[in-house]
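S.K.: Okay, here's what each chain looks like letter by letter:
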Amino acid sequence: MTSPSPDTSVPTHLESDVLVIGAGGAGMYAALEAAKGGASVILADRSLIGRGGATVMAQMTVAAALGEQTPDHWEHHFADTLAAGRGLCDERLAALLCEDGPQRLREMDAWKVGWAREDGHIKQAQAPGHDRPRCAYVDFLSTGPAVSKTLRTQLNNASGIRRIGDLTIVDIALRDGEACGATALHLPTGQAATLAAKAVVIATGGLTGLYRRNSASSNMGGDGYALALRAGAELIDMEFVQFFPIGHLAPRLVGMDPIMWDPFRYKLGGKLLNSEMREFEEDYATRDERSDGTYVLTRDLATYAITKEVEAGRGSPSGGAYLSFQHVPEAEIRKAFGPVVDRLAENGIDLAQRPVEVAPIAHYHMGGIRVDEMMATGVPGLFACGEAVGGANGANRLSGNAITEAFVFGARAGRSAAERAKQGASVWSTEAAKPALDLLRSASKRDAPNPAAVMVKLQAAMADDVGPFRTDAKLRAAISAIAQLKADIGDTPFASAESFDPVLADWLDLRNMLAVAQSVAVPALARTESRGAHQRDDHLGLDDAWSVNQIVALSGSDMTLRKIVATTGKAAA
Amino acid sequence: MKATLSIQRGAFGETPRQDTFDIPFEHGQSILDGLRAVRRSMDPSLAFRFACINANACKECMMLIDGKVDYACTVRLKEGTTTLAPLPKKALIRDLVTEIAPPGERLVLRP
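Those protein sequences? They're chains Y and S, same order as listed. First residue of the first sequence? That's 0 in numbering that gives the first Met the number 0, and the numbers climb one at a time after it. First residue of the second sequence? That's 0 in numbering that gives the first Met the number 0, and the numbers climb one at a time after it.
Isolated chain Y, as found in the complex (with noise of 0.2 angstroms):
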């Protein structure tokens, strides 16, 4: 161990051609290209290295026209990912990502990622939106436990790549509006470290840790885009925020993700029931013309069709609907499912015998840090990619497009940081980072609020008036919420102690939290439609002049709000 520095007036200092904020999926790959690229590469994350974040979390599919099942091309999946986005996708994003998706897994193919075979082929299953079988997959329920083992695998045999775990960014250090690497707090000794880069790529991932019910790590609260709200850049998108429909609700279930039950719904036909025990499935579905007809209802009608069954009195004892295996034979269940029966026998879970209860639950973040097709955000020197990224994706997400975006835009920020490192533009200042460790120094102890039943309270505001079906009342008091949560924790940190100060991070954990769950409530406030992810009980249906994205900024303090029409048009990958 290391003990701590007395002097803490002079923090720790790194340098690398690149920093890469992040170790998911899209920050590991954004560092292994960047490093192929000939930039030195710093990969820090707030947790271990490849272990925090969603990618780890991703137990279904990853989608790419691969064309190993059936004949496929890019241009298929791209027209799917247009129509799942109700018109709001950038077009330039979009393509991209379908473009080169099926590079990607092959690439991870060629690293022993392990994808499901059949017949000597990738197996590709068919997921609601996609209009043929596309979504690659590791079975069971092991896709991204084997994709972020994989990507370390990769990080440990390529050089020039100096991870950092237990280090979480305060602020993306500027000089003369150019990113020139960061500053950060080093959780083990509560001491901060500077670090400076020629350019910086955030891979944070997305915001689902605001909502109180999600499917992702405790660290998603969105800190990449407050990062780069403050340091310049534009959100865009951001009132998009993704559901997914059947998250477990119960009974109990720990050691196992709660969104697990959709690959077992595509391969088994799991029927949704409500209390009635009947289907309600086809009341809501729309026929969809270039579907198989079996699996017709994508994730916003079906979170839709659970909510509404709820509103109805018709909801599952705690409050969501019941999926049920009962229809199918127990060794069918048995093979689907393999070694999972087991871990669902330790909870309780008999599928043959009884249903589970399952609920909608915060999932995925269409929207994000505003880039183009480079990865470039509009400071210089700062990049983004994966699911801090806004734009790919529209209104709402295809199943099975986060992890190739994962992929494929770490892969582009990852080179596109390189380059701009050979050229050498950002200089690093130390006054840079002098706001940060100001803010840093300023921390001291008190005992009134506890930043953990705060972050409960604006975890409990989002859910309930900011989630899938919103008012303009919920979301007017959605926003006065947040303003008094962020009067209650002030601008002067809280800390508790020297080392892994969990008082400290939750302070700052909350100041990025707060300013983002503002960014997703005033536009969602402002669009008075209802498009994808985006439901509003008070303006029902599209309005063809919303067909506009909009794009949040700051200027001082204040939030900004525009809007722009889409990006239109391919990009030449």
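The hints are simulated quantities; they were obtained by calculation from the structure and are not laboratory data. The reader is advised that the hints may include incorrect statements.
Straight line, CA to CA, 30 angstroms or less: simulated DSBU-like cross-link-like pairs of lysine-lysine [to be verified]:
(1) S:K58 with Y:K111
(2) Y:K122 with Y:K270
(3) Y:K334 with S:K58
(4) S:K88 with Y:K456
(5) Y:K433 with Y:K421
(6) S:K88 with Y:K148
Just the calculated beta-carbon pair ranges, DEER-fashion [as the list claims (entries may be wrong)]:
(7) S:M0 with Y:A525: 41 to 51 angstroms
(8) Y:S158 with S:L86: 23 to 33 angstroms
(9) Y:R440 with S:L86: 29 to 39 angstroms
(10) Y:G176 with S:M0: 53 to 63 angstroms
(11) S:M0 with Y:A351: 25 to 35 angstroms
(12) Y:T567 with S:A90: 47 to 57 angstroms
(13) Y:S443 with S:A90: 23 to 33 angstroms
(14) Y:T152 with S:K89: 17 to 27 angstroms
(15) Y:R440 with S:T19: 33 to 43 angstroms
(16) S:T19 with Y:P448: 19 to 29 angstroms
(17) Y:K562 with S:P15: 53 to 63 angstroms
The beta carbon of each residue, even a glycine, is placed where N, CA and C say it ideally should be.
Position chain S relative to chain Y; hints supplied.
M.R.: Frame of chain Y; chain S shown alone:
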């Protein structure tokens, strides 16, 4: 019904102390649920590692539970007292947090 968590506290180099917290017992909850409840309603300064919360994917919440190395996210909370301590063979940072990052993935500050 209540569950009691008896937790070894203190930073590296300090004399460890034992704090006990009574929390409402709910059937099916994990030890990690209990620890998070303590932070929300009693002591926000209690330090423990976790990232994925429930999925046993991040493997960060490993600790000594009633004397046995296990994951806080998969061991169920029980009625009566559960004793929690940091991993014995890893360098202590604070409370239940130890240095578990692989050596090549740590930041060593200047002495």
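S.K.: The structure should be examined with respect to each hint, and the outcome stated for every one.
M.R.: These are the hints, each one checked on the structure:
As the CA atoms of K58 (chain S) and K111 (chain Y) are separated by approximately 22 angstroms, the hinted pair is consistent with the 30 angstroms bound. About 24 angstroms separates the Cα atoms of K122 (chain Y) and K270 (chain Y), which keeps this hinted pair within 30 angstroms; it holds. The hinted pair formed by K334 (chain Y) and K58 (chain S) meets the criterion: a straight-line CA distance of about 27 angstroms does not exceed 30 angstroms. The hinted pair formed by K88 (chain S) and K456 (chain Y) fails the criterion: a straight-line CA distance of about 37 angstroms is larger than 30 angstroms.
Between K433 (chain Y) and K421 (chain Y) the CA atoms are separated by roughly 26 angstroms; this keeps the pair inside 30 angstroms, and the hint holds. Distance check on the hinted pair: K88 (chain S) and K148 (chain Y) sit about 24 angstroms apart at the alpha-carbon level, within 30 angstroms; holds. Taking the beta carbon of each, M0 (chain S) and A525 (chain Y) are about 47 angstroms apart, inside 41 to 51 angstroms as hinted. A hinted range of 23 to 33 angstroms for the beta carbons of S158 (chain Y) and L86 (chain S) is consistent with their spacing of about 31 angstroms.
For the pair R440 (chain Y) and L86 (chain S), the supplied restraint of 29 to 39 angstroms holds, since their beta-carbon distance comes to about 32 angstroms. For the pair G176 (chain Y) and M0 (chain S), the supplied restraint of 53 to 63 angstroms holds, since their beta-carbon distance comes to about 58 angstroms. For the pair M0 (chain S) and A351 (chain Y), the supplied restraint of 25 to 35 angstroms holds, since their beta-carbon distance comes to about 31 angstroms. Checked against the given bound of 47 to 57 angstroms, the beta carbons of T567 (chain Y) and A90 (chain S), roughly 55 angstroms apart, stay inside it.
Checked against the hint of 23 to 33 angstroms, the C-beta distance between S443 (chain Y) and A90 (chain S) comes to roughly 28 angstroms, which is consistent with it. At roughly 23 angstroms, the beta carbons of T152 (chain Y) and K89 (chain S) sit within the given window of 17 to 27 angstroms. At roughly 35 angstroms, the beta-carbon separation of R440 (chain Y) and T19 (chain S) lies within the given 33 to 43 angstroms, and the hint holds. Distance hint for T19 (chain S) and P448 (chain Y): a CB-CB separation of about 24 angstroms, consistent with the stated range 19 to 29 angstroms.
At roughly 58 angstroms, the beta-carbon separation of K562 (chain Y) and P15 (chain S) lies within the given 53 to 63 angstroms, and the hint holds.
Comparing the model with each numbered hint stated earlier shows that hint 4 is the single one that does not hold.
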